[in-house]
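Go by the hints and put chains B, C and D with the ligands onto chain A.
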Amino acid sequence: MGAAIHREICVTNETENLHKVREFVSAAVQDSAVPREEQNKVILAVDEAVANVMEHAYEGTLGGSIRVRIESDERRFEVLIRDHGRRFDPGRIVDPDIEAHVRAGRKNGLGVFLMRQIMDKVDYDFRDEAENRLTLVKFLGADR
Amino acid sequence: MGAAIHREICVTNETENLHKVREFVSAAVQDSAVPREEQNKVILAVDEAVANVMEHAYEGTLGGSIRVRIESDERRFEVLIRDHGRRFDPGRIVDPDIEAHVRAGRKNGLGVFLMRQIMDKVDYDFRDEAENRLTLVKFLGADR
Amino acid sequence: MPDLNITCEPRGDGLTFLTAEGFLDAHTFEKMEKTINALFDEGKYKLVVGLEKLDYISSAGAGVFIGAIGVAQENNGNLVLLNPTPNVKEVFDLLGLTQIFPIVGSEAEATAFFG
Amino acid sequence: MPDLNITCEPRGDGLTFLTAEGFLDAHTFEKMEKTINALFDEGKYKLVVGLEKLDYISSAGAGVFIGAIGVAQENNGNLVLLNPTPNVKEVFDLLGLTQIFPIVGSEAEATAFFG
Ligand SMILES: Nc1ncnc2c1ncn2[C@@H]1O[C@H](COP(=O)(O)OP(=O)(O)O)[C@@H](O)[C@H]1O
Ligand SMILES: Nc1ncnc2c1ncn2[C@@H]1O[C@H](COP(=O)(O)OP(=O)(O)O)[C@@H](O)[C@H]1O
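Protein chains in written order, with numbering that gives the first Met the number 0: chain A, 0 to 143; chain B, 0 to 143; chain C, 0 to 114; chain D, 0 to 114.
So here's chain A without its partners, still in its complex pose:
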């Protein structure tokens, strides 16, 4: 628990692969210094990010690749999510008004908000004109 972690998984963009991603993250948080009561939330944040890529980045085509890399030590739990779908910067997404959502019966548009609620950093970068890179970081220990 708390030892350095470097792991990677690669899935294609069918939503049925979400549970594999969650199991991968679940094993990693359990081996990490992420406090027990934060573990489910971290799994959720990654699930939201990967679900977004699955649902939006490849615009309906299947077989698109998604790589999820986890790096963790006593100071941070960091997840890098990479895909080759369309460019998308979650920084453009405005925080939702949940009560308005409910009153209007709006079902979507909460994933980016949840990611931001849970993680300490949500950084987007577009690399080499070909790769979307989303980094989610949770600070641990003294850095919290």
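Keep in mind the hints are simulated off the structure, nothing from the lab. Among the hints, a few may not be true.
Unchecked claim - Keeping only pairs whose Cα atoms sit at most 35 Å apart, straight-line, the calculated DSBU-like set for lysine-lysine is: (1) A/40 <-> D/52; (2) C/30 <-> C/88; (3) D/88 <-> D/52; (4) B/40 <-> C/33; (5) A/19 <-> C/30; (6) A/19 <-> D/52; (7) C/30 <-> D/88; (8) D/33 <-> C/33; (9) C/52 <-> A/40; (10) C/88 <-> D/33; (11) A/19 <-> A/120; (12) C/52 <-> B/120; (13) D/33 <-> B/19; (14) C/88 <-> D/52; (15) B/40 <-> C/52; (16) A/19 <-> D/33; (17) C/88 <-> B/120; (18) D/30 <-> D/52; (19) C/88 <-> D/30; (20) C/52 <-> C/33; (21) B/40 <-> C/43; (22) D/52 <-> C/52; (23) D/88 <-> D/43; (24) A/40 <-> C/30; (25) D/52 <-> B/19; (26) D/43 <-> B/120; (27) D/88 <-> C/88; (28) C/52 <-> C/30; (29) D/52 <-> D/33; (30) C/33 <-> C/43; (31) B/19 <-> D/30.
Relative to the frame of chain A, chains B, C and D with the ligands by itself:
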């Protein structure tokens, strides 16, 4: 115009086939005694019925067959829609409260209502434990 | 494969009890959405959703309930959540939904809610 | 294949003008839904949808606007329909939606509506 019509088309349950069904019905209404101002509505009613089969009857599997048969004379325009998906009687569907739909942001649940608004008869029958048969009838001429 | 199982039991008093078991995520939410919509289409708007066996929910899953509660309320019904697990309850908290959804701890409480 | 083409033009005054061309049915409605949702997610809630080139709409298509107008209004916006063709207008009539949606005949009227 107004001569007896017997025609049938068979499509599979991909929604991209809806336009074929509409073109088939469009040609038939134009050759029928359905008044010009009613023709688009009849096309719409059939589109709604077939879209329902495509979206709901085969529960996510593709390649399910749908047959649409048109019989028409000076007294009626009759459409028989047959599929082998799950049993469904539109008679169970309650008319929606459109304002409540809008206030609640509810997007679906209007197809059966439209069919009933447009056609004079919407009859469902389950034949031989294997075939759903939906009959839509518009009465013409003196029978209106 | 981990998935979502739904049961659905209309009762004599006009309430319909649903249970959701497993995982309600971006892969399975449509199953729940279709189930609830089919009830609405038949005029059943008083729903109690048992969540005691739901292991996981994400925003796509919560979204189904967000979309449904207004429809239920607009038609003299409601959508009551019964016994969410701590994990699921926490997601509702994060989304600010615990103030919005009626959450009860027993079937009797759910029945009383619709009184 | 007959399909749906959407254009989308955000303007300086905070309004976004969309146009829908072709067929808005159970096959194509998700394209329109995604376009509108993406605008909402960016905080753009004042929408004008040009329908003068829309040949056909079914309940699935109308449903997109039904679902969207409340979201727009809840966020200080609205969803205005511009110049529907007679066929499309008739479907809105059948559904009882012509009383509910603002329908205008020109871009100037749409701009004035948001005044
Ligand atoms: N990886 C992505 N690629 C492209 N578009 C995205 C991506 N993630 C999110 N989006 C866009 O941002 C919107 C908001 O995302 P989110 O808050 O997660 O809500 P939801 O996915 O439920 O709509 C999405 O509807 C989509 O339009
Ligand atoms: N052919 C069918 N087979 C199975 N279920 C159907 C069929 N047609 C309709 N349904 C059910 O009835 C509901 C209401 O249908 P409808 O009024 O056309 O609205 P919508 O299809 O937009 O939901 C559907 O949501 C679905 O649950």
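Now for the hints, and whether the structure bears them out:
| no. | hint | result |
| --- | --- | --- |
| 1 | A/40 <-> D/52 | violated, 47 Å |
| 2 | C/30 <-> C/88 | holds, 21 Å |
| 3 | D/88 <-> D/52 | holds, 12 Å |
| 4 | B/40 <-> C/33 | holds, 27 Å |
| 5 | A/19 <-> C/30 | holds, 20 Å |
| 6 | A/19 <-> D/52 | violated, 45 Å |
| 7 | C/30 <-> D/88 | holds, 33 Å |
| 8 | D/33 <-> C/33 | holds, 19 Å |
| 9 | C/52 <-> A/40 | holds, 19 Å |
| 10 | C/88 <-> D/33 | holds, 29 Å |
| 11 | A/19 <-> A/120 | holds, 24 Å |
| 12 | C/52 <-> B/120 | violated, 44 Å |
| 13 | D/33 <-> B/19 | holds, 25 Å |
| 14 | C/88 <-> D/52 | violated, 47 Å |
| 15 | B/40 <-> C/52 | violated, 47 Å |
| 16 | A/19 <-> D/33 | holds, 27 Å |
| 17 | C/88 <-> B/120 | violated, 48 Å |
| 18 | D/30 <-> D/52 | holds, 16 Å |
| 19 | C/88 <-> D/30 | holds, 33 Å |
| 20 | C/52 <-> C/33 | holds, 20 Å |
| 21 | B/40 <-> C/43 | holds, 29 Å |
| 22 | D/52 <-> C/52 | violated, 50 Å |
| 23 | D/88 <-> D/43 | holds, 25 Å |
| 24 | A/40 <-> C/30 | holds, 24 Å |
| 25 | D/52 <-> B/19 | holds, 20 Å |
| 26 | D/43 <-> B/120 | violated, 44 Å |
| 27 | D/88 <-> C/88 | violated, 45 Å |
| 28 | C/52 <-> C/30 | holds, 16 Å |
| 29 | D/52 <-> D/33 | holds, 20 Å |
| 30 | C/33 <-> C/43 | holds, 13 Å |
| 31 | B/19 <-> D/30 | holds, 20 Å |
Checked against the numbered hints given earlier, this structure breaks hints 1, 6, 12, 14, 15, 17, 22, 26, 27; the rest are met.
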